[in-house]
Amino acid sequence: MAKSYFCLMILLLLPSYISSWIISPNECNPGCIRIIQWPSGYAGLHIPKYTVQITNEAWHSKGVYNVEIACPAFASTTLINPAIFRRIDLVHCVLKNGRIFNTGEVITFEYSNILPYPLAIVSMKCL
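Under my numbering, the residue at position 94 of the sequence shown is numbered 94, and the numbers go up by one with no gaps.
It is possible that some hints are incorrect.
In silico DSS-like links for lysine-lysine, alpha-carbon gap of 27 angstroms or less [to be verified]:
| id | residue 1 | residue 2 |
| --- | --- | --- |
| 1 | LYS62 | LYS125 |
| 2 | LYS96 | LYS62 |
| 3 | LYS125 | LYS49 |
| 4 | LYS125 | LYS96 |
Each pair of labels, with its calculated beta carbon distance range [stated by the list, open to error]:
| id | residue 1 | residue 2 | range |
| --- | --- | --- | --- |
| 5 | PRO116 | ALA83 | 36 to 42 angstroms |
| 6 | LYS125 | TYR42 | 21 to 27 angstroms |
| 7 | GLY104 | PRO82 | 34 to 40 angstroms |
| 8 | CYS28 | VAL106 | 16 to 22 angstroms |
Hints in this document: simulated from the structure, not taken from any laboratory.
Glycine is no exception: its CB is placed at the ideal position from the N, C-alpha and C atoms.
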């Protein structure tokens, strides 16, 4: 039962993944920005710390700008440089204050909170 459910989920999700990467690789879409995060130790008072790595893989363009990230109720007990990543409202954050995020560029920052936040690209504009 669990195996068939997993196969069904793969079949449902695979077409959108393929369409964003293989069928239309020259389009400006949020799938061109990769967000990876992992646990990276503890901050003060043994609060878990997470490292976030954001990579621009939009090889078809010179860069992207106005990159907005869904970050519902994002908060951190450690300071994050607001020129790199900052919250603009309760559910959205902006990358590099909306400035150009060059192709191949990697941005890394750390935050600390009890649980990791689900971060996802909401919108962006290509050059």
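Each hint tested on the structure:
Proximity of LYS62 to LYS125 is assessed by CA-CA distance (about 11 angstroms); at most 27 angstroms being required, the pair is judged to hold. The straight-line distance between the Cα atoms of LYS96 and LYS62 is roughly 16 angstroms, inside the 27 angstroms bound, and the hint therefore holds. Pair hint LYS125 plus LYS49 does not hold up; C-alpha atoms about 30 angstroms apart against a cutoff of 27 angstroms. Between LYS125 and LYS96, the direct Cα distance comes to roughly 13 angstroms. Compliance with the 27 angstroms bound is thereby established for this hinted pair.
Distance hint check for PRO116 and ALA83: the Cβ-Cβ separation is about 23 angstroms, which falls outside the suggested range of 36 to 42 angstroms. For LYS125 and TYR42, the hinted distance range of 21 to 27 angstroms is not satisfied, since their beta carbons lie about 37 angstroms from each other. For the pair GLY104 and PRO82, the beta carbons lie near 24 angstroms from each other, so the given range of 34 to 40 angstroms is not met. Checking the proposed 16 to 22 angstroms range against CYS28 and VAL106 shows it holds: the Cβ atoms sit about 19 angstroms from each other.
Violation of the numbered hints given earlier is confined to hints 3, 5, 6 and 7; the remaining hints are satisfied by the structure.
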